[in-house]
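*Asks:* Chain by chain, the residues run as shown.
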Amino acid sequence: MRIVMNDIHKAFGANKVLQGVNFTLEPGEVHALMGENGAGKSTLMNILTGLHKRDQGSITIDGKEVHFKDSKEAEAAGIAFIRQELNIWPEMTVLENLFIGKELRNSFGVLKERKMKTLAKQVFNRLDISIPLDKKAGECSVGEQQMIEISKALMLDAEVIIMDEPTSALADKEIEKLFTVMKELTASGVSLVYISHRMEEIFEICDRITVMRDGVSVATSYIKDTSFEEIVKQMVGRELEDRYPARVPKYGKTVFEVKGLSRKGVFEDISFSVKEGEILGISGLMGAGRTEIMRAIFGLDPYDSGNIVMNGESVTIKSPADAADKRIAFVTEDRKDEGLILDYSIRDNIMLPNLKSFSSYGVIQTKDEKSFVQTMVKRLKVKTESEEKSVGDLSGGNQQKVVLAKWIGKQPKVLIMDEPTRGIDVGAKREIYQLMNELTDRGMAIIMISSDLPEILGMSDRILVIHEGKISGELMRDEATQEKIMTFATGGNEK
Amino acid sequence: MKTNTLTTIWSKFASLLALILLVGVVTVLNPAFLEPANLMNLLRQISINGLIAFGMTFVILTGGIDLSVGSTLALTSALAAGMMVAGVDPILTIFIAVLIGAILGAVNGLFIAKGKMAPFIVTLATMTIYRGLTLLYTEGKPITGFGDSYAFQLFGKGYFLGIPVPAVTMIIVFVVLWFMLHKMSFGRKTYAIGGNEKAALISGIRVDRVKVMIYSISGMMAALAGMILTSRLGSAQPTAGQTYEMDAIAAVVIGGTSLAGGKGRIAGTFIGVLIIGILNNGMNLLGISAFYQQVVKGVVILIAVLLDRKRS
Chain A
1 MRIVMNDIHK AFGANKVLQG VNFTLEPGEV HALMGENGAG KSTLMNILTG LHKRDQGSIT
61 IDGKEVHFKD SKEAEAAGIA FIRQELNIWP EMTVLENLFI GKELRNSFGV LKERKMKTLA
121 KQVFNRLDIS IPLDKKAGEC SVGEQQMIEI SKALMLDAEV IIMDEPTSAL ADKEIEKLFT
181 VMKELTASGV SLVYISHRME EIFEICDRIT VMRDGVSVAT SYIKDTSFEE IVKQMVGREL
241 EDRYPARVPK YGKTVFEVKG LSRKGVFEDI SFSVKEGEIL GISGLMGAGR TEIMRAIFGL
301 DPYDSGNIVM NGESVTIKSP ADAADKRIAF VTEDRKDEGL ILDYSIRDNI MLPNLKSFSS
361 YGVIQTKDEK SFVQTMVKRL KVKTESEEKS VGDLSGGNQQ KVVLAKWIGK QPKVLIMDEP
421 TRGIDVGAKR EIYQLMNELT DRGMAIIMIS SDLPEILGMS DRILVIHEGK ISGELMRDEA
481 TQEKIMTFAT GGNEK
Chain B
1 MKTNTLTTIW SKFASLLALI LLVGVVTVLN PAFLEPANLM NLLRQISING LIAFGMTFVI
61 LTGGIDLSVG STLALTSALA AGMMVAGVDP ILTIFIAVLI GAILGAVNGL FIAKGKMAPF
121 IVTLATMTIY RGLTLLYTEG KPITGFGDSY AFQLFGKGYF LGIPVPAVTM IIVFVVLWFM
181 LHKMSFGRKT YAIGGNEKAA LISGIRVDRV KVMIYSISGM MAALAGMILT SRLGSAQPTA
241 GQTYEMDAIA AVVIGGTSLA GGKGRIAGTF IGVLIIGILN NGMNLLGISA FYQQVVKGVV
301 ILIAVLLDRK RS
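Protein sequence lines, in the order shown, are assigned to chains A and B. For the first sequence, our numbering gives the first residue as 1, with consecutive numbering after it. For the second sequence, our numbering gives the first residue as 1, with consecutive numbering after it.
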């Protein structure tokens with residue numbers, strides 16, 4: 001199937017989201033769609049799959065003009081869209097999920113269980129995956145859930161599958177598996193649109209790339225003819241200086257220590273320390289227990305034994321409120337679910353951990369509040385007309401800046417960041433890196449969990465690698481390499 | 001806490017418009033409605049539901065519900081009557097009763113916050129328990145014989161500058177709660193819990209503590225309403241306050257507060273209380289049977305929620 005989208009325009013009210021986008025998808029190719037958040041990638045794909053109507057322009061499939069009224073029509077034509085938020089019914093089995101809404105029935109309306117099982121197994125065989133069909137989908141890993149979605153698409157005889165950030169929540173092994181499946185799909189003539197922020201993956205798996213910026217398609221090129229720098233330039237419309245801004249670390253005294261922290265079955269004997277002005281990177285595979293350790297430190301989860309020491313004194317942290325009182329801050333990996341109240345304004349969100357500092361006898365000092373919020377918005381360069389705007393309307397990068405603003409205003413001693421730049425465009429990433437440098441210059445200690453190896457290597461002064469709930473290695477900045485980290489992360493070289 | 005000012009204005013406007021419309025219709029059908037005597041009567045009638053609904057607003061803003069308010073009202077009323085019969089000073093009795101209400105509410109809050117149980121289930125259970133305790137204490141009979149305290153009579157039946165004392169109480173409480181909700185950090189925390197409890201917790205808000213306080217407030221409001229009722233009736237009825245929780249929830253919902261939590265205003269609840277009150281009062285004036293009144297009230301709730309859906 002060959003899809004040609006020509007000069008697509010789309011506006012939501014006065015907001016012109018697409019202003020002349022050209023996009024061609026050849027049969028059997030993996031085509032990357034890249035661009036900063038808000039560049040219009042999702043809107044373009046929503047127009048292709050019938051969720052939005054185009055204002056102007058044409059879409060042809062194999063030379064024939066199409067106008068899909070909804071996603072069902074697009075699916076019927078063989079175009080499936082696997083969204084970032086997977087369409088999974090967690091309480092239902094894998095089999096039920098595969099056939100949801102499309103159950104096979106005999107003439108009495110009774111489900112043809114055996115037939116469905118056979119079909120499901122066929123698809124799984126084709127993809128060379130084995131997930132028990134009677135497992136609850138909610139108990140499957142994100143990678144497996146994605147495979148369920150891909151299988152669903154294949155059972156619809158999809159010839160085009162659009163994947164929006166498919167690897168953002170996958171462990172490395174699962175990414176490998178996904179790539180194998182993708183190659184298998186393209187070999188059989190299926191074309192894939194691959195939306196991602198991860199440059200390394202795009203260079204590994206894609207054939208062509210279309211870069212979008214501000215609602216316009218900037219360029220389409222063959223991956224083999226382009227380069228990392230070239231794509232970044234196209235995306236941001238300017239030369240990007242170093243990806244990771246340089247900094248000369250100035251260490252102060254050890255401000256935060258964890259001694260022998262254990263939680264049965266989750267993590268064991270975790271000990272480390274951080275100095276003022278230091279960025280400690282925490283690496284490891286997904287599910288190794290990195291987040292769980294930080295959650296326990298922050299008082300969100302319990303732990304069985306061990307000690308948390310701040311400035312040489314042992315402290316008890318039983319709740320996030322205790323942690324915040326001790327001036328520990330936690331930027332969680334899931335900003336939409338745990339970091340922000342999406343319906344509420346930027347001001348309300350920034351104020352969440354700062355209410356106490358801005359009230360006297362419980363009464364909020366609105367004047368001080370206002371100037372504080374304005375200062376934070378300016379300092380973090382949150383792009384918005386007003387701090388009364390709800391954070392749900394902001395781009396991912398700006399949302400993350402709000403999460404940071406809310407904690408930085410408290411001037412924490414220790415800032416824990418879990419996947420601080422996940423799903424954020426290149427420009428905002430760099431701003432966040434710069435902010436991290438600025439904060440450490442002022443003596444803040446930062447603990448950063450990241451699955452992005454270049455980021456870990458580029459930003460950390462020291463790296464701890466976690467493997468199956470234990471610290472499997474520690475690397476200083478100048479000795480660390482991707483290979484060394486991966487060896488520790490996969491348990492290849494136990495300490 | 002809404003961000004889009006236009007929707008805020010519209011949502012304020014909508015329930016207010018409904019109120020004005022209702023006043024207009026009732027007045028046209030029976031001009032006696034606007035007579036000062038009737039208006040004062042109306043204010044007194046709505047004060048009990050008003051107090052309960054104001055407390056309920058906080059609960060619903062956090063995404064919870066309090067079904068036990070009617071039983072809390074009955075139990076505190078019975079205990080207060082018992083105390084006064086035993087010779088406790090009536091004014092002191094009111095304070096103790098409100099304190100008991102706070103404790104009964106805190107029990108709800110503790111089960112919900114610390115026990116991680118659904119508010120519906122917890123308050124359904126305590127609704128039965130508190131009612132049972134009331135029946136045990138009163139042996140199923142009304143408690144009377146405390147009616148000679150002038151101060152206590154004043155609380156339910158008196159006037160202050162021509163306004164019924166219960167209405168004055170309700171308005172003072174409204175102002176205090178409005179201030180807490182919109183001007184104090186307590187209110188921000190209330191909204192935050194309803195908006196996204198996880199995010200509130202991770203932001204260092206002591207969610208459990210705030211929830212216990214909110215259910216205590218709800219209990220206090222029920223007890224205060226119970227004192228007004230006891231004073232007006234001159235007796236404590238073991239069956240008092242049955243289905244009061246429903247009128248309170250209805251008022252909150254009509255006032256535009258979302259049952260999912262996080263969105264709503266206490267001023268809206270006041271309008272909701274007025275709408276329900278005027279429906280009752282107006283239909284009484286027009287001689288409409290109580291059976292029809294129930295149907296109309298139900299229809300109004302449906303329409304109010306439907307309009308709210310359309311708005312969002």
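It should be emphasised that the hints constitute simulated quantities derived from the structure, not laboratory data. Keep in mind the model is a prediction, meaning the values are calculated, not measured. Fair warning: there could be bad hints in the mix.
[Claimed, not checked] In silico lysine-lysine, PhoX-like type, Cα no more than 25 Å apart, as pairs:
id : chain 1 : residue 1 : chain 2 : residue 2
1  : B       : K157      : A       : K336
2  : A       : K326      : B       : K114
3  : A       : K326      : B       : K198
[Stated by the list, open to error] Looking from chain A toward chain B, a few residues come up when the C-beta cut is under 7 Å (computed):
id : residue
4  : I131
5  : S359
6  : D425
7  : G427
[Stated by the list, open to error] Per label pair, the in silico range of CB-to-CB distance:
id : chain 1 : residue 1 : chain 2 : residue 2 : range
8  : B       : T239      : A       : G13       : 51 to 59 Å
9  : A       : G13       : B       : T128      : 46 to 54 Å
10 : B       : Q293      : A       : K356      : 44 to 52 Å
11 : B       : K116      : A       : K356      : 19 to 27 Å
12 : B       : A118      : A       : N125      : 55 to 63 Å
13 : B       : L17       : A       : D334      : 39 to 47 Å
14 : B       : Y292      : A       : N15       : 48 to 56 Å
15 : B       : K198      : A       : S130      : 41 to 49 Å
16 : B       : L306      : A       : N307      : 54 to 62 Å
17 : B       : L306      : A       : D334      : 30 to 38 Å
18 : A       : V248      : B       : A118      : 53 to 61 Å
19 : B       : K198      : A       : G491      : 51 to 59 Å
20 : B       : L17       : A       : T60       : 46 to 54 Å
21 : A       : K72       : B       : K116      : 39 to 47 Å
Glycine residues also receive a C-beta, built at the ideal position from the N, C-alpha and C atoms.
*Asks:* Indicate whether the distance between the beta carbons of B:K116 and A:K356 respects the range 19 to 27 Å.
*Replies:* 25 Å, holds
*Asks:* Would you check whether A:S359 satisfies its interface hint, that is, whether its CB is within less than 7 Å of any CB in chain B?
*Replies:* 5 Å, holds
*Asks:* Quick check: does the Cβ-Cβ distance between B:L17 and A:T60 fall within 46 to 54 Å?
*Replies:* 50 Å, holds
*Asks:* Tell me if the interface restraint on A:I131 is satisfied: Cβ within less than 7 Å of some Cβ in chain B.
*Replies:* 29 Å, violated
*Asks:* Take a quick look at whether A:K326 and B:K198 sit within 25 Å of each other, Cα to Cα.
*Replies:* Given pair A:K326, B:K198 holds - Cα atoms ~20 Å apart, limit 25 Å.
*Asks:* Between B:Q293 and A:K356, does the C-beta distance stay in 44 to 52 Å?
*Replies:* 48 Å, holds
*Asks:* Taking the beta carbons of B:L306 and A:N307, is their distance inside 54 to 62 Å?
*Replies:* 57 Å, holds
*Asks:* Taking the least C-beta to C-beta distance, is A:D425 closer than 7 Å to chain B?
*Replies:* Given a least distance of 23 Å, the restraint on A:D425 is violated.
*Asks:* Range first: 41 to 49 Å. Now tell me if the beta carbons of B:K198 and A:S130 are that far apart.
*Replies:* With a Cβ separation near 34 Å, B:K198 and A:S130 fall outside 41 to 49 Å, so the hint is violated.
*Asks:* Could you check the hint for me, namely that B:A118 and A:N125 are 55 to 63 Å apart, CB to CB?
*Replies:* 44 Å, violated
*Asks:* Do A:G13 and B:T128 keep their Cβ atoms within the hinted range of 46 to 54 Å?
*Replies:* 52 Å, holds
*Asks:* Holds or violated: B:K157 and A:K336, Cα atoms, limit 25 Å.
*Replies:* 52 Å, violated
This entry does not satisfy hints 1, 4, 6, 7, 12, 15 and 19, going by the numbered hints stated previously.
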